[in-house]
Amino acid sequence: MKLTKLFKSAAIGLSASMLAVSVQAADVIKIGAVAPKTGALGGGAVVTQWPNVELWSKQVNAAGGLDVGGKKMMVEIIEYDDKTNPGEHIKAAQRLAEVDKVDFIVAPYGTGFNLAAAPIYAKYNYPHIAVSAISDKMPELTARYSNLFFTLGNTTSFSESVVDILKDMRAAGTIGNRVAMVNVADAFGIELAEAARPRLKEAGFDIVYDKSYPLGTPDLSPIIKGAKESNPDAFVAWSYPPDTFALTEQAIIQDLDVKMYYTAVATCFPAFVGKFGSKINGVFGAGGVNQDSPDIQAYFKAHKDITGKDADGWASANTYVSLQILGQAIEGAGTLDRQAVIDYIKASSFDTIMGPISFEDQISNRFWTVGQWQDGKFRGVKSSQMAGAAPIVAKDGWN
Amino acid sequence: MVETSLVLAVQNVTKRFGGLVAVNNLSFDVSRNEVMGIIGPNGSGKTTMMNLISGALALNEGTISLNGRYISRLSSHEINRRGIARTFQLVRILPSLTLLENAMAGMVFGHQRLWGEQARHEASKLLERVGLGGQQSVPATALTYIDQKRLELARALAAKPEVLLLDEWLAGLNPTELQEGIDLIHSLRDEGITIILVEHVMDAIRSLCDRCLVMAAGAKIAEGRPQEVLSDPEVIKVYLGEDI
Amino acid sequence: MTSGDVKQLVWGAILLALAACVPLVANGYWMSIALTIAMFTVLSTSWALFSGPTHYISLATAAFFGVGGFLVGTGMSDYNTDYWTMVVIASLAGTVLAFLVGLATLRLSGVYFVIFTLGLAEMIRTLVSWIQNNFTGSRGLYVLTDLGEADIYIHLVLVAALVYLAGWWIARSRLGFAMRIIGNDEMVARHVGINTAFSKVILFTFSGFVASLVGALIAPRYTYIEPNGVFSPELSFIVVIMALLGGTGRLWGPIVGVIPFALLQEYINANYSNYSTLVLGIAFLVIVYFLPHGVLGRLEETWAKRRRSTW
Amino acid sequence: MDIIITGLLLGGTYALIAFGLNLQYGVARIMNLANGEMIVLGALAAFWIFVADAISPILTMLIVAPLSFFGNWLIYRFLLRPLVRRAKNQGQLEVDSILATFGMAFALVGIMVSIHGEYYTYSYLAEPFEILGETFALNRIVAFCFAVLIGAALWLWLYFTRTGMAVRAVSVSTEASGLVGINVPQLSAIAFALGGAVTTMGGTLISTFITLDASVGVVFTMKALIIIIMGGVGDIRGAIVAALILGLVETAVARLIDPGLTLAAAYAIFVLILLFRPQGLFGRKPS
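Residue numbers (this note's numbering), protein chains in the order written: chain A, 4 to 402; chain B, 952 to 1195; chain C, -14 to 296; chain D, 263 to 549.
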């Protein structure tokens, strides 16, 4: 008796919840996100990628959802940890498409992952707005995958901008011709160092120290010592997050006194200034934002209020922008039809916290390339077509 | 005549472990069809000598030759393939294999190379011979210590060796088993196998050995027929202590 | 060949044929799981061909796998070589490397062997990074082919067929018998005339060849090859663990570890996405404590029981 | 000179990584693949407490050590002891402990990610310190001093106390030690717990100059394994010598040849040593 009752109520509950799901499904836009929470890139994705997914979805839902052809639809995020493993990522992407049947996806984190997953997302024709990917193969890839968009820029412009800064500083008489350059022996560091080498030489700089170090080197003091002995005017490191911290710590300790000091990824992280405080005033790093823009300031505030964390000074905003683009494209197309949304992205200009963004052959040419820590803020100083670049200052010791 | 019957020649062999000289400039010959005993107190280098012959250890100086060809630089599997098989002082069976497989192990890769049905057939005959018939598919771990020794002998014989090295193979047998063991070794000799044995059981040495080599502290102190050697005062002194 | 041997071959062929039919029914998601399973089945089974009988735990899989993937990437990106040419070159290079590594490890045993292979794999990984950085001058390694997951899967099933056939043959050959003797007692093995070095190197080389072939075949799935990704030491550990989980006593042992483990991992990732690592760890501990002899051991126990109860 | 000091400092770091695992593997016979995660746990504690209350990592280390000892003791008692008991031989135990500690490593990573998924980085004693006119990082020097202290304390304990002698006996032969009346299970538990405590202390110290994150543990596990194997299992002197060799080689290669080859050179040295001494520098020859 009791048992049948239990069964009955369970059955009613089950069908009710199934009903709820199907009702909900009609009103909800499902968006899948696969990025690392653990593994080699976990530490970076947790700063740059995940908080923005959270921030954007909460903001959209707080505003009542996205307007899809006159109907307000809430967004629901389905997230998976790819453990910084390409195989895992591909599997999770397939699961999003086949099992969860998500309507859209958030692009993966990291160059390799965006490229590894591109064929999968292309197969299901998801608009794939790759943020954290820097490559010179972008034109070839966008030709191959018509759903793929790039926003963060390419290797060439990143290395060119650094060379431009060196040229500017040399012209101003702050530095001479001696440049020490190091790179992490990983695809990212190798590509950038290779792109920079001929440009530096062409611009008449002497590369007085040019070495790589393996990923995961525990002690980078020999690098800084070696660089210091070469008596450079400028120091450029195509580095990854843990080495960016370690190189800078050693540079401070060894007092590597250069007027131009550049480290690449993670220089813009809140943890970077959190660790070094005012000592890193004048340090250059990859990326940047326009700190004076009211939109950016509002974004930073919302980021802190909603996720409880500080945004970084570069890729965070870009990641958020890519989600803004996706949201606006869905609203603009007025449908969840992916091809329509892709076509809309290709054809339209988007009003984002970084200003208007549009795509030319699926590649956006508006992005920051170099930023600099100036009085506690990471300001964009070099860019491709961005407004509001701050003037560069020479580094004046490690105080 | 004497020349052709020489099977194994050990010449001026020395083996050192760090500062310890385990075998010191030792020489002896073994003729075809002979049973040669190596005796001596514990730690006198008997087992080391066996290991040098079988290639388990590399010697420092000297040479060992089999049928006139040097084997002292060869590795143990090559020595085995030339026709020297052995048993170990502390029994080494192959625990996860069956009895039949244990016996077969000796004939697949060594001096005699059989495989397949023929090998199985020969191996089961050998098991029969050492007294382990009818237990072919029993796992080797199920055997008693004594039966494990029989099994090890079967494995050594499986190679159809020219020279068989027995390292205290008779130790620990009860009188009945001992007699069986001695008979077995006799019959092996009758088949033309040359045998070198390290042994403490004096009865066995007396009844089995044609010749004996007495070692003390790595060196040879006597060599000859068992009766002569065992009555040598020097040998008695070594065995029973200085005082007598 | 006994009738039992033939029966095994027929069964194996039927199962592999069934496995080859998976792309006909699976959707993309199940296809990618099947691909993962196929990849680890081949890697773990070929690993166990060497490590199962000898009990030598090799952590060098990633080195060979990495050489396969990396050479395919380099050849296609930097030298515009055709994919299949590179697959052949890469697996040959992996084989030669495995042969050299096999020779180098001969004197080692136990945990020294385990860690030696780990250190060697790491050395190769950092050397490759350095060479790429300084000489090949690559700007990102792309493996752009028209091969879909189903194609790659079929390739892997073919390699699996090769591995199982090799395993089946080895188990019936002198070589397999020699390996079992070596696993029992290497000293005895030498004294019954087995060239232990030769036997070990042969099998080690074969498993290295398979790993590099798999690395080359799976490369199109990743599109973009990073040395630190394909040489990941984690892969070596996972291969060992899946094989041990299944059981290395039989040729089909690893696969009964790979399939449930891959599915379990998938289930955890799908349902506990925020805590997947934690839940996976706990699941692991539960497996170790409740399946003491691996899946294979449990299966054989159950069969033994059933047989006893029916008789 | 500069190279030697830098190399020694790095070697000290490596010694900190390897001491604990050496005790755990050498005595308790547990090939602990979660060793690196213990290091990261120590680093996480230091980072967390430093960022929250600006408490010195040195102090944190003293708080963490007994906690870690207790925690590792529990792990051994309740998770590993059953494995030791059911293992029929050393090989079986090795396989089981690899599987079990691999699971533990996963679980620990999962826990740490949920506590703090970002990089653990902060500045503590990141100041220049001059020795013979060359500049070194003070935090590395402090860590080196502690490595020396911990190493010396372990050595004194192992060679001059009754328990220490018993521990060494167990490391030579578990069976024989049991026969002469040594309480092997209890000593193994102590060695494992102490090893864990030392490892965590190492992690706390290392966090002052290396940026870690929750998933980085496996890198340290591999380094530690290589060091103890290079030194010879269970030998504390071996671990120290191996750690210093690695530190010196890496630094010398970085300064004199190419920083890109540091790790390759370190592994090459390891490989060469094992080729010529298959039992490690101080290991006993297998009989």
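Hints are computed from structural coordinates only; laboratory data are not their basis.
As the structure is a computational prediction, the values presented were derived from the model and not from experiment.
Glycine included, each C-beta is placed from N, C-alpha and C at the ideal position.
Some hints here could point you the wrong way.
Said to hold, decoys possible - Only some residues are given here: those of chain B computed to face chain C with a beta carbon under 8 Å:
1. 1009
2. 1020
3. 1024
4. 1027
5. 1037
6. 1045
7. 1048
8. 1059
9. 1060
10. 1062
11. 1087
Hints versus structure:
For the restraint placing residue 1009 of chain B at the interface with chain C, the shortest Cβ-Cβ distance is roughly 13 Å, beyond the 8 Å limit, so the hint is violated. Given hint, residue 1020 of chain B at the interface with chain C, is violated; its Cβ is 17 Å from that chain's nearest Cβ, farther than 8 Å. Given hint, residue 1024 of chain B at the interface with chain C, is violated; its Cβ is 15 Å from that chain's nearest Cβ, farther than 8 Å. For residue 1027 of chain B, the shortest C-beta to C-beta distance to chain C is roughly 4 Å, which falls under 8 Å, so the interface hint holds.
For residue 1037 of chain B, the interface hint holds, the least distance from its beta-carbon to any beta-carbon of chain C being 6 Å, beneath 8 Å. Satisfaction of the interface hint for residue 1045 of chain B is found here, the shortest Cβ-Cβ separation to chain C being roughly 4 Å, below the 8 Å cut-off. A hinted interface residue such as residue 1048 of chain B counts as satisfied when its beta carbon comes closer than 8 Å to some beta carbon of chain C; here the least separation is about 6 Å, so the hint holds. At a threshold of 8 Å, the smallest CB-CB gap from residue 1059 of chain B to chain C is about 6 Å, leaving the interface hint in force.
Because the smallest distance between the Cβ of residue 1060 of chain B and any Cβ of chain C comes to about 4 Å, under 8 Å, the interface hint for this residue holds. Of the supplied interface hints, the one on residue 1062 of chain B holds, with its beta-carbon coming within about 7 Å of a beta-carbon of chain C, less than 8 Å. Hint status for residue 1087 of chain B: violated, given a least beta-carbon distance of 16 Å to chain C, over 8 Å.
Checked against the numbered hints given earlier, this structure breaks hints 1, 2, 3 and 11; the rest are met.
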